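The listed protein sequences derive, respectively, from chains A and B. Just so we're aligned, residue 1 is where the first sequence starts under the numbering used here, counting upward by one. Just so we're aligned, residue 1 is where the second sequence starts under the numbering used here, counting upward by one.
Calculated directly from the structure, the hints in this document are not laboratory data. The structure displayed is predicted, hence computed values, not measured ones. We put the beta carbon where it would ideally sit given N, CA and C, even for glycine. Worth double-checking, as some hints may not be accurate.
Quick list of in silico lysine to any residue cross-link-like pairs, SDA-like style, CA-CA up to 20 Å [what the hints assert, rightly or not]:
hint	chain 1	residue 1	chain 2	residue 2
1	A	K67	B	S17
2	A	K78	A	V89
3	A	K78	A	R9
4	A	K78	A	D127
5	A	K78	A	A131
6	A	K67	B	L24
7	A	K67	B	L21
8	A	K78	B	G137
9	A	K78	B	L24
10	A	K78	B	R27
11	A	K67	B	L25
12	A	K67	B	L124
13	A	K67	B	R27
14	A	K78	A	R133
15	A	K78	A	V129
16	A	K78	B	L124
17	A	K67	A	V56
18	A	K78	A	L130
19	A	K67	B	L26
20	A	K78	B	F136
21	A	K78	A	R128
22	A	K78	B	L21
Cβ pair distances, simulated, as ranges [claimed, not checked]:
hint	chain 1	residue 1	chain 2	residue 2	range
23	B	T4	A	V129	38 to 46 Å
24	A	A52	B	F71	39 to 47 Å
25	B	P74	A	A52	19 to 27 Å
26	B	T4	A	A131	39 to 47 Å
27	B	P74	A	A11	29 to 37 Å
28	B	G76	A	L45	22 to 30 Å
29	B	L150	A	F42	16 to 24 Å
30	B	W148	A	R9	48 to 56 Å
Quick look at which bits of chain A chain B covers, simulated, 3 or more residues with Cβ under 8 Å [to be verified]:
hint	stretch
31	12-21
32	26-34
33	44-57
34	79-86
35	101-108
36	115-128
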Amino acid sequence: MKAAFSSPRNAVLSVALGALLGFSLSRIGFTDYTQLHRMFTFVELRMMLVFAGAVVIAGALLFALRKARPLPPRPFQKRVVVGGVLFGVGWAIAGACPGAAFAQLGEGKVWAFATLFGVALGTSVADRVLAARPSAVESPADVCA
Amino acid sequence: MSTTHWPWWLGALALGSVAALVPLLLRRGFGVSGLVRTALLGERPEALARVPAALFLVGITGGAAISALAFGAPRGLDPTWTAFFGDGPLALTALVAGGALVGAGTRVAGGCTSGHGLSGTARLQPGSLAATVSFFGTAVVVSFVLAWVLV
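Extracted from the complex, chain A is given alone in its bound form (with noise of 0.2 Å):
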């Protein structure tokens, strides 16, 4: 499996799938305060609804590839509660997810360097808060994060 990772071919579908991913984001209103915002307070639920059908239908179609592509599990742990809080409280604050963020600065909303700038160094600080706790990096939540 690790072989094939820096291969032209999946530099290509990296930069695809990435793109289908960011245009996605953009048209559904995912990097749009004011959309999430009427999410988060249940204004308007078309987002949710959004999600929750995403949800749906990768379950489905995950399901149909369990054999030949698993993805490793996701047990419950502690710190998946702990980080899923501070997560909720930077997305409503900063107005974006990961993804989102990436896609706000393709859009040209120049602000969101900043974002970005926080997302890694909240990152980073992280990371070397758990490396300092050996048991939590060993954890497998950091299996295909």
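For chain A, the structure is supplied; the task is to place chain B on it using the hints.
Frame of chain A; chain B shown alone:
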């Protein structure tokens, strides 16, 4: 307004497809926060190498650029957002601090909206369900606090 945005079913089809196409074609789990970490901090044995990870992020940026050029997208700070944080030093602080919480939180949780919210939840993984309830629920609470307290 959402008139220029996709209807929910089209968005669901697109995101659901990406979550399956990534493992099908790239032979890895779908997760943007993991790609950010790989691109930023180097390789992990399980993950894409640094270059393809960065290329995926470049792709996200480019795809959104095509969307904005073809259909338009606001460039300035969002009016709902500036009502909460203004457009001065507080705004910059909110973006960097909020981004840092996104980065740290997704690193600690081992995934974000894509890895846990979409890919893991779609496979009914307990850790992903707990992470998704945590980040979505927290974002709901913080959004209501912002709407009630700051305005």
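So, going through the hints one by one against the coordinates:
With a C-alpha separation of about 18 Å, the suggested pair K67 (chain A) and S17 (chain B) falls inside the 20 Å cut-off, and the hint holds. For the hint linking K78 (chain A) to V89 (chain A), the alpha-carbon distance of about 17 Å falls within 20 Å, and the restraint holds. A distance of roughly 38 Å separates the Cα atoms of K78 (chain A) and R9 (chain A); the hinted pair therefore is violated under the 20 Å criterion. Of the pairs offered as hints, the one joining K78 (chain A) and D127 (chain A) holds, with about 17 Å between alpha carbons and a cut-off of 20 Å not exceeded.
Between K78 (chain A) and A131 (chain A) the alpha-carbon distance is near 17 Å, which keeps this suggested pair within the 20 Å criterion. A C-alpha spacing of about 11 Å is found between K67 (chain A) and L24 (chain B), which places the hinted pair at or below 20 Å, so the restraint holds. Simply put, K67 (chain A) and L21 (chain B) have alpha-carbon atoms about 15 Å apart, close enough for the 20 Å limit, and the pair holds. About 16 Å separates the Cα atoms of K78 (chain A) and G137 (chain B), which keeps this hinted pair within 20 Å; it holds.
Annotation: proposed proximity of K78 (chain A) to L24 (chain B) is violated, straight-line Cα distance about 30 Å (limit 20 Å). The suggested pairing of K78 (chain A) with R27 (chain B) is violated, with an alpha-carbon distance near 28 Å, which exceeds 20 Å. Distance hint between K67 (chain A) and L25 (chain B) is fulfilled; the C-alpha atoms sit about 15 Å from each other, no more than 20 Å. For the hint linking K67 (chain A) to L124 (chain B), the alpha-carbon distance of about 16 Å falls within 20 Å, and the restraint holds.
Between the alpha carbons of K67 (chain A) and R27 (chain B) the distance comes to roughly 12 Å, so the proposed pair stays at or under 20 Å and holds. Using a Cα cut-off of 20 Å, the hinted pair K78 (chain A) and R133 (chain A) holds, with the two alpha carbons roughly 14 Å apart. Of the pairs offered as hints, the one joining K78 (chain A) and V129 (chain A) holds, with about 16 Å between alpha carbons and a cut-off of 20 Å not exceeded. For the hint pairing K78 (chain A) with L124 (chain B), the CA-to-CA distance comes to about 17 Å; that is within 20 Å, so the pair holds.
The hinted pair formed by K67 (chain A) and V56 (chain A) meets the criterion: a straight-line CA distance of about 19 Å does not exceed 20 Å. The straight-line distance between the Cα atoms of K78 (chain A) and L130 (chain A) is roughly 14 Å, inside the 20 Å bound, and the hint therefore holds. In summary, the hint linking K67 (chain A) to L26 (chain B) is supported, as the alpha carbons are separated by about 16 Å, within the 20 Å threshold. Between K78 (chain A) and F136 (chain B) the alpha-carbon distance is near 16 Å, which keeps this suggested pair within the 20 Å criterion.
Distance check on the hinted pair: K78 (chain A) and R128 (chain A) sit about 19 Å apart at the alpha-carbon level, within 20 Å; holds. Taking the CA atoms of K78 (chain A) and L21 (chain B), the gap is about 30 Å. The hint is violated against a cut of 20 Å. For T4 (chain B) paired with V129 (chain A), a C-beta distance near 41 Å keeps the hint of 38 to 46 Å intact. Taking 39 to 47 Å as the suggested C-beta distance range, the pair A52 (chain A) and F71 (chain B) does not conform, at roughly 24 Å.
In this structure the supplied range 19 to 27 Å holds for P74 (chain B) paired with A52 (chain A), their Cβ-Cβ distance being about 26 Å. Checked against the hint of 39 to 47 Å, the C-beta distance between T4 (chain B) and A131 (chain A) comes to roughly 44 Å, which is consistent with it. Remark: the range hint 29 to 37 Å for P74 (chain B) to A11 (chain A) is upheld by a beta-carbon distance near 32 Å. Remark: the range hint 22 to 30 Å for G76 (chain B) to L45 (chain A) is upheld by a beta-carbon distance near 26 Å.
Judged by the Cβ atoms, the range 16 to 24 Å given for L150 (chain B) and F42 (chain A) holds: they are separated by roughly 18 Å. Checked against the hint of 48 to 56 Å, the pair W148 (chain B) and R9 (chain A) passes, with Cβ atoms roughly 51 Å apart. Figure legend: the stretch 12-21 of chain A, annotated as covered by chain B; annotation consistent (9 residues with Cβ-Cβ distances under 8 Å, at least 3 required). Counting residues of the stretch 26-34 of chain A whose CB lies closer than 8 Å to any CB of chain B gives 8, so the stated coverage by that chain holds, three being the minimum.
Residues of the stretch 44-57 of chain A with a Cβ under 8 Å from some Cβ of chain B number 12, which satisfies the need for three, so the listed coverage holds. With a threshold of 8 Å between beta carbons, the proposed coverage of the stretch 79-86 of chain A by chain B holds, since 8 of its residues qualify and at least three are required. Proximity of the stretch 101-108 of chain A to chain B, defined as three or more residues with a beta carbon under 8 Å from a beta carbon of that chain, is established by the 8 residues found. For the stretch 115-128 of chain A, the stated coverage by chain B holds: 13 residues have a C-beta nearer than 8 Å to a C-beta of that chain, and at least 3 were required.
In this structure, the earlier hints numbered 3, 9, 10, 22 and 24 are contradicted, and the remaining ones agree with it.
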